[in-house]
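Trainee: Each chain, written out:
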Amino acid sequence: MKKYFKHFAWLYGLLAILLVINIVIAATSQKQSGPYVRTNADCLTDERVFDYADKLSAGEEEMLRNLIAEQEKKCGCDIVIMTVYDPEIRSLMNYADDFYDENKFGYNKPWGDGCIYVDNWATGDVWFSTCGRVEDTYSNSMIRDIVDETCSRTNADPYKAYSYFVTTMASDMTFELNFASFGILGLVIPLIVSVIYLCVNLANNKGKKTTVSTTYVTSGVPNMRVKQDIFLHKHTTHRTIQSSSGGGGGGHHISSGGISHGGGGGHH
Amino acid sequence: MVYKCLNCGANAIFDPDKGKMYCPHCDGIDSEQLQPGAGLNSCVVCGAPVEPDQYTSATKCEHCGSYMIFEERITGEREPHLILPFKVSKQKAKDCLKEKFGKKLFIPDGFLKEASLDKMEGIYVPFFMYDYDCTYEYSGTGKKVRRWRSGNTEYTETSTFQVERVMDVPFDKIPVDASIKMEDGAMDLLEPYDYSALEAFQTKYMSGFLGEMKNMEPSEVENRARHKAKADAESLMRGTMTEYEAVTPTRQNLNLIGKRTQYALLPVWDYTFRYKGKDYHFKLNGQTGKLIGATPISWGKAIGYTATMFFGLYAVLGLLLNILGGL
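Protein chains in written order, with the working numbering: chain W, 1 to 268; chain C, 269 to 595.
Calculated from the structure, these hints are not laboratory results.
Some clues are possibly wrong.
[Said to hold, decoys possible] 20 angstroms max Cα-Cα, derived EDC-like pairs, lysine to aspartate or glutamate:
hint	chain 1	residue 1	chain 2	residue 2
1	W	Lys-3	C	Asp-298
2	C	Lys-368	C	Glu-511
3	W	Lys-2	C	Glu-367
4	C	Lys-527	C	Glu-389
5	W	Lys-206	C	Glu-511
6	C	Lys-355	C	Asp-298
7	W	Lys-160	W	Asp-145
8	C	Lys-366	C	Glu-389
9	W	Lys-74	W	Asp-136
10	W	Lys-208	C	Asp-298
11	W	Lys-6	C	Glu-459
12	W	Lys-234	C	Asp-363
13	W	Lys-227	C	Glu-511
14	W	Lys-6	C	Asp-377
15	W	Lys-2	C	Glu-382
16	C	Lys-569	C	Asp-377
[Stated by the list, open to error] Chain W is nowhere near these chain C residues, computed Cβ spacing over 12 angstroms in every case:
hint	residue
17	Asn-275
18	Cys-276
19	Asp-283
20	Asp-285
21	Gln-303
22	Glu-422
23	Thr-424
24	Thr-428
25	Pro-460
26	Met-484
27	Arg-506
28	Lys-551
29	Thr-576
30	Leu-592
Nothing here was measured: the structure is a model prediction, and the numbers come from that model.
Every residue gets a Cβ at the ideal spot worked out from N, C-alpha and C, and that includes glycine.
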């Protein structure tokens, strides 16, 4: 047992230190742990669901509004859903950005944290415009994933598709998801370290060979009587090296109102 | 036979630390006197019965603790040509074990306890040492490859050579154990010994240790020596062709001519630890201190230590997460 405690002294010491720090933080923390509070008083509307294409029933619109209100508090971002039917819209990206900017959306401030999802039912095109913290969080692949998943559900049931968008977007922006991911890592990391620890300590070499090829050679070197290397012939071959080309796409842009937006589009 | 101290009559033994005969009873140095033996079946000192096995040449009386040497098994045709005296004492051998395995976490309790280590015995193990003249003729085709790039084109130039080698390799004292009891692999791993300390056989070096006479004739184990010589010669030959990326042999002739075979006794410390019905053997080169053997595993300890590591790290990460979340 003495050897055990000596071996794990560092671990128990670390645990004790962390425990003390936790207790101190818990005793002194003033941080608000509740939902986010909206601080943008300049937004021109309280509406979040703009169903101009009339794809949702009144009841579905109401449920979607409630869902958005609930999720906005959790993630601290404005979430706007808009459906339109307009074959004349040339740039859905500009259309979405302008609508967001004109209404001064943003949870923390005008043109602040938030997003708008615009679905043009005349063409099937959609655009997911991001701003503020949402713009910083969403990578191209995250945008592609959420847009593709939402589009794949839209034709069958627009309400379910938009609900999916709202909840997914909110969870992408909240700490709970990160915590869930860390919860898995919290198990995996100690498991991997423990398995390595076990294997290293189980390693049990019987012994290594320590003789070399000259160990039993008198005077330590052989006598080389003949050493000839006669050149016979030479030949040369060649091949062309194919260079690979990488792909790219997406990125940030400035809307006509001068606001930085991110985002990406899709089609259903 | 037994070596007795001239001063006090106690059993004088060879002390590896001092390199001299020593009396543990009166601390006398080089004060030994040889007393002839009383056959294979009784202790020459106390008369107690002894039961050496068919190859034992030196043993310890279980009754009085005297080390006796059976001259019947070390004289005439059975007399070794050479002996390498112990240079590592029992205490040093114990220290070697403690140093190598002391930090191992999963060894069972008792493995390194003095009571267990006291059972360690020094044994003179019989070896045959083979001298060879080796001639190795080699012909082959070697390829050197050079690669370079120009623009988006890679060029590969292959040059072919006729490789001719003739090498003489004189081998001196390739050791092979002549003991059935000793595991061949373990004996090979104990090598090398420093032959500069080899001496013409003298019985006094055996006093204080166990001993075994040769269990077989040199011809019965010579294949192992030839195999070692062949492997070394081939390795040396390969070393002369390292500039080639590949060599394909067209003709090889490795000729080993036996010159001389000598019978020698080499020093080995033997420690056997019994754990859960199984014996774990450890051998230590009695001259260099090189140690061979794999320790038993206490799975209770392995599980306990690993579980502590797992749950400890899990708790550390959890507490860290709390701290980061709370800041």
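Trainee: Each hint needs a verdict: does it hold in this structure or not?
Mentor: Hint check results:
| no. | hint | verdict |
| --- | --- | --- |
| 1 | W:Lys-3 to C:Asp-298 | violated, 44 angstroms |
| 2 | C:Lys-368 to C:Glu-511 | violated, 39 angstroms |
| 3 | W:Lys-2 to C:Glu-367 | holds, 18 angstroms |
| 4 | C:Lys-527 to C:Glu-389 | violated, 34 angstroms |
| 5 | W:Lys-206 to C:Glu-511 | violated, 34 angstroms |
| 6 | C:Lys-355 to C:Asp-298 | holds, 17 angstroms |
| 7 | W:Lys-160 to W:Asp-145 | holds, 16 angstroms |
| 8 | C:Lys-366 to C:Glu-389 | holds, 16 angstroms |
| 9 | W:Lys-74 to W:Asp-136 | holds, 18 angstroms |
| 10 | W:Lys-208 to C:Asp-298 | violated, 38 angstroms |
| 11 | W:Lys-6 to C:Glu-459 | violated, 36 angstroms |
| 12 | W:Lys-234 to C:Asp-363 | violated, 60 angstroms |
| 13 | W:Lys-227 to C:Glu-511 | holds, 13 angstroms |
| 14 | W:Lys-6 to C:Asp-377 | holds, 16 angstroms |
| 15 | W:Lys-2 to C:Glu-382 | holds, 18 angstroms |
| 16 | C:Lys-569 to C:Asp-377 | holds, 10 angstroms |
| 17 | Asn-275 | holds, 42 angstroms |
| 18 | Cys-276 | holds, 41 angstroms |
| 19 | Asp-283 | holds, 27 angstroms |
| 20 | Asp-285 | holds, 24 angstroms |
| 21 | Gln-303 | holds, 39 angstroms |
| 22 | Glu-422 | violated, 5 angstroms |
| 23 | Thr-424 | violated, 5 angstroms |
| 24 | Thr-428 | violated, 5 angstroms |
| 25 | Pro-460 | violated, 5 angstroms |
| 26 | Met-484 | holds, 21 angstroms |
| 27 | Arg-506 | violated, 9 angstroms |
| 28 | Lys-551 | violated, 9 angstroms |
| 29 | Thr-576 | violated, 6 angstroms |
| 30 | Leu-592 | violated, 9 angstroms |
Violated hints, in rising order: 1, 2, 4, 5, 10, 11, 12, 22, 23, 24, 25, 27, 28, 29 and 30; the structure is consistent with all others.
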